[in-house]
Every structure is written in structure tokens, then in C-alpha cells.
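Chains as they are written, first to last, in this note's numbering: chain A, 91 to 527; chain B, 41 to 389.
Be aware that a few hints might be false.
[What the hints assert, rightly or not] Among chain A residues calculated to face chain B with C-beta under 7 Å, some are:
| hint | residue |
| --- | --- |
| 1 | G145 |
| 2 | L149 |
| 3 | V157 |
| 4 | E163 |
| 5 | F164 |
| 6 | G167 |
| 7 | T168 |
| 8 | M175 |
| 9 | F193 |
| 10 | S197 |
| 11 | N250 |
| 12 | L255 |
| 13 | T492 |
| 14 | L499 |
| 15 | L503 |
Rather than coming from a laboratory, the hints here were simulated on the basis of the structure. Every residue, glycine too, gets a C-beta built ideally from N, C-alpha and C.
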Amino acid sequence: MDVLMLSRLQFAAATMFHFIFVPLTLGLSILIACMETAYVRTGNEVYKKMAKFWGKLFLVNFALGVVTGITLEFQFGTNWSRYSMYVGDIFGSLLAIEATAAFFLESTFIGVWHFGWDKLSPKAHAITAWLVAGASNLSAIWILIANGFMQNPVGYVLRNGRAELTDFWAVITNKYAWLEFFHVVPASLLLAGFFIVGISAWHLLRKSNTEFFRKSFNLGISVALVFALFTAAEGHIHGNNLSDTQPAKLAAMESHWETQRNAPMYLLVIPGENGNHLQALPLPGMLSFLAYNDFNAEVKGLSDFPAADRPPVVISFLSFRLMVGLGTLFILLAGFGFLVRNKIDRYPRLLKVLPFCIPLPYFALWAGWTLTEVGRQPWIVYGLMRTSDAVSPVGAGEVGFTLVLMTLLYALLGAVGIWLMVKLAKKGPEDNTPIQA
Amino acid sequence: MTTLMETGSLHYYLAMIWFILWGVLWAVYFILDGFDLGVGTLLPFLARSETDKRAILNATGPFWDGNEVWLIAAGGVTFAAFPYAYAQMFSGLYLALMLLLFTLIVRGVSFEFRSKVESAAWKKVWDTAHAVCSFLPALLLGVAFGNIFQGIPLDETGFSQAGLFGLLNPYGIAGGILFVTIFMMHGALWLCIRTTGELKARAESVATKLWPGVVVLTVLFLAYTAMSTQLFANYMVYPILFVILLLPVAGLVLMRTYLGAGKYWMAWAASGLYIGGTALFGVVGIFPAIIPSNPNPANSLTIMNSASSALTLEIMLVVAVIFVPLVIGYQSWVYKRFATAMSEDDLQY
């Protein structure tokens, strides 16, 4: 394999692994801050207990998220140095602002939160929880503004052989970035909801700490339902925007080949990289409607893009379907769970199923990012720089070596981290005294 | 490489300011993460019991995460203000940096993982990982900066592959040894602040014994630097700059004085002054290069040929002026609130 493919694999592995932990951090940090606030306002000890129990799981998750994030910032320099030279003027400053304005706050106060239970008043401690939650999500804004520039470059001019910043306001108000933010953060809350619901269901089935886990369950299922709906609705707007900003991605995710008005959506498609092997059961005008909210709008097909400018079709098509299919399932599942939340004991089968649903939002988020990043190919910055021109002039041997090392290390740490979280989750909140040395 | 700016233009002064801030960020990173890396390195030498280990880990527990962000910030600022230097530095030092990142990853999770399972073998694994992965970053950072001081073989396009073994030249290794020793000293002083009883006595004795070593290494390193780098060139042109060396010297003297007087906070601050002064000495020495090229200085990556646009530098400056004092403010609060001698309660978790 050449250095380009190895670097792409390495970046994919690093981001996918990082993204096991980030969404839970984003969503759960907010929910824990809510629990602590409830404790401060009501004085009810069960809320404190909740914050501590979910907080313990949060810390393991957080540690893995932070350490794997460091690799990403430096990978732009190590593996994508030509990219860094070309757009560093804009992209680099966004990463630096993220570190200065958000990551410092998050990392400083996670230590205070962790070690501050006995040193701070409940109110001050709740504030640190909000600081961590706010900073994590602020971090996401800056990272997504940076990603938004790669998806839909704005506010620059080509000068001195690189993209130079001309309009900072345009960069930070990039519609594409904000649509990503309002899709990813609600999806993270949905994931945190299912995480809490799944673990609570496991305990409710075993009748351990019933009051504690019933409260947790109700919180989790409400959050999951609200944000499942929000994410789906927002996703539709996001899709609309693609028809203007990245028509090739839109065409690839639908495997839509011929440019046409009143474009149908086929219920049965077997996609291929050079045309569909099979397409049947059309819903007339549906694709035009999804892309433009107009049944007669013209939707550009893949055949109108030069072959060298087409994203990988099969991956885009399948990841889109996985994301949407799971999204629909979440609405149904969370909706049903919400309706029966007060008599949940009468649905043991549901309680048995829910813990196994914890991984599903992760798959949906992965699929979403796969579509976002693979669908942008062959561009690293859409329409501006090709991925193949962005890679560092390093040796394939070195990249291959670090790829293997990184994969092994991440696999090991990931396995240990997840094993620890399962262990802590099963143990439940009784053991509320700190773990002795 | 083409020059991006005219000397004396607003762009030029913005870039100069960012060069200074760039140096300051790396110095602050070394001062802050320096002590927790040093503490981690000392773990196997100072801990006699499980309580000792817990105390040593908790001495840095609330701080290390915030400290490490200064590395992210220093890296981010290199990327934002001098993207060409960032691209060169990180791809040129590819293997060394990857190794640095992997060790920091293992170290980071070891804080969280070790206490979660009640098993002596489990704890031993993570303690060993913690110590090794505290020692290696200190060594690698020293090797990397030693090589930058010495100059990296850049070609006309700016790209070079220094390779891991190319970095392990005698001067690079000398830089590594110096960093490890300094950080251990800095860490030992931190333990004097945070611990009590026998452990504290041991930390104090280690600090006292390390001090002459630091002095000797510093003198040797300076002599070696004079012989094998161009770092003193700026000092020869403007001898007034030699006053910068007063900072690390004052740091060394004060460190010993305060240590002897049992004023650990002051001794730790003095070792911070020493580290910051040493970093400043290096930064002034390489000016106006960010990555000096050796043997051909014409290929160096400098302030003038690797900076971002004036607009980016300006916006970044506004961000820095607002947020850096804020960061310093809340981090100082955390240190004030949490960096006290630990009691029984602090040894939980």
C-alpha cells in the first residue's frame, strides 16, 4: 500500500476510535450537570448519587476521549503536512482557538470535578460540571467549524500558493458547520440517553437500586426521544443543504446517476461504482423533494461528474442508509419506551433488549461521519484540494509501522476501557464510597 | 522559500509577536507538564508502599490534564501562526512525535485505569506504564528540541526526513538527558509541596541530590551548545542578550536556597524560572528561525517565510489576549485551591 492509503487508514482509525468516546462525553457531561443541578435545587441525595455513578463511567470515557484527541491534532502535521501548509492559515487557527478557548477549560475543570467532591460546596461543584459540559460542547463547535471549512470552504483567497483567510466571520458562520453541530450534538445527547437507558434497564430487570435506576431511566428515555426527533428533523435540513454545497455527495448517498427533474427515490437499489446494478420500486419525485423540498426540482446525477471527482458510491450509499435506518428505529424505540416508562416493569422483554441497544447510536454516528468524510472524497477540502495532494512526503514504512502500533495500542486500551466501564456499570451505585487505594 | 512579508510591515510585527508567544507557550508547557512528567518518572524510585504510590499519583492527579493542554496549545499555535514550520516539524520528526503521542496516551489512561480494579498485578502494570510513559516523553521532547537547536537538514522545498535514528545524535541525546533530569528535579520539588512524612523526606533528599547534577549538566550542555550549534550567534552580535542567562542561573541558585530553607513553593517556582529561562535562551538563540536548517541555513524555516497571513495573526492575537489571561486566572485558582499538602482524604479515588 502507498503512503496515501496508509495515511488515510491511519486517520480513519484514529478518528473512528476517538469518536467512540467523544459523543458520550458531549451528551453525558450535560446530563450529569443536570443531575448535579437537581441535587443543588432539591437537596435530594439520589441526584448526587446519580451524578457520582454516571460520573465514574464518564471519567473513564473522558480519559480515552482526551488522549486519543491529542493524536488527531498532530496528525495534520505528521501525515498531512501538505494540507497543513495549504490551509494552515485558516484550519490551524481554528484548532488553536479550540485549544485556547475550550479545551483548556474542559481539561482544567475535569480535574477539579474529579477531586473536588469534598473540597467544594455542592453549588460550586455543580458549576464545575457545567464548565466541563459547556467547554466540551464549545470544543465541538470549533472542531466542526474547522471540519465545515473542509466540507464547504469559505472566507479565503488563494495567495502565496495557499488559501489565506480573508473573512473570519464567513468561516465561523459557515452554514455547513452549524448544520453539522446541530446534528452531532443532539445525536450525542440521544446516545447518552440510550447509554443511561440501557444500563438502567439492566439493573431494573434485576431489581437492584430500583428508585435510582427508575429515575435514571426516565431521564434517559425522555432525552433519547426528544433528541431522536430533533436529530432526524435536522438531518433533513442538512440533506437539503447538500444539494447546494456538495451535490456529488448527495448523488452518491442516493446512488443517483442520471440528472433529472422529478427524480424518484428507489426503494430497492443495488449500487455500483459505475452505475446501479439494479434499481426498482420508484417513489416518483421523492428524491427531488428530499433534496429541495420540491417534487419537480432537478437533481444532478453522478454521470454528470467526471469519474475522477466522484466519491466512493457504495460506501456513501450504505452508510447513509444505516444512519437513517437506525435513526428511525431510535424514534420508535424511544417513543415506545417513553410511553410505558411508568410501568416499565411490565415489559421485561424490552428491559432485556435495551442494554443491547447501547451500541446502536454509536453505529449511527459512525455511519454519519463515514458519509460526511467519504462522501467528500476525492477532495480533502471540497473543490479546492485533493486528498492525494495533501499527504506528507514521509515513507510508507514509517506510516505503516505507526499504523500497526496505533491499531494495537488503541485496540488494547479500548478493550480495557470498555471492560472497565461494563464492570463499573454492573456494580451499580451502592458502593458510593470512593474506591480505596 | 519565499518571503511572505516585508521587514517593518504590520505583518512582520505581528509575526514577531507570535514568535515570542510561541516561545512562551513552549516554556509554560515545559514548566507545567515538566513537573508531572518528572513525578511520574520518580514513581518507582520514591514509592515504598501502596499509600506512597497513591500519594505520588494524586499529587499530580488534579493538574496533569490541564497541564498537557499547553502542549496542544503550543502545537496549535505552531500550526496557526507558522503553518509551514508546523508541517515541517511534525512530518520531519514523524516517528519521534508518534512515539511521544503514544506514550502520552498510555500515561493519560493509567491515571484513570489503575484504581478501578483491586489487584496488585493490575496496579503494577499501570504503575510501570505510568513511569515509563512519563520518562519517555521527557526524553523525546529533549531530543526533539536538541535537534531543533542544532538545526535539521532541510532541503530547498523545506521537507526533510530526520528519521528517528537521525535524531539520536549525541547532541540530541544530551538534550534528552538534560530534560529528563530537569523534570525529575522539578517533580521532586512538587512532591515536597504535596506530600508529608517519610515520602516528603525522601522527595526532599532526591531534590537535594539532583541539584548538583542539574548544575553540572547545565554547564556541560551550554559548553556543548557553544561547540556544536549556532545558538550563540545572536548572543555574539548582541552581547546584552547574555542577561537572559541570568534567569536560569538565578533559578538554580534560588532553587537550592529555598530548598535548604524548606520553602518548597518558592523552590518549585525557582525551578520553573530555571526551565522558562532555559527555554527562552534557546528561543532567542534560534531567532529568526523556527526550524533552523543545518548544514544549509538558507533553507531554514523562519518567521518571515513560514508565518500565516496578517489577518490570521491578528485574529489569533485578539483571541490570545482575551483567553490566555483567563486560562492563567482559572488555572492559578485551581493550583491555589488544590495544591496543598495532601491529607488522608486526598489519598482516596
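Status of each hint after checking the structure:
no., hint, in the structure
1, G145, "violated, 12 Å"
2, L149, "holds, 6 Å"
3, V157, "holds, 4 Å"
4, E163, "holds, 6 Å"
5, F164, "holds, 6 Å"
6, G167, "holds, 3 Å"
7, T168, "holds, 5 Å"
8, M175, "holds, 5 Å"
9, F193, "holds, 5 Å"
10, S197, "holds, 4 Å"
11, N250, "holds, 6 Å"
12, L255, "holds, 5 Å"
13, T492, "holds, 5 Å"
14, L499, "holds, 6 Å"
15, L503, "holds, 6 Å"
The structure fails hint 1 only (numbered hints given earlier).
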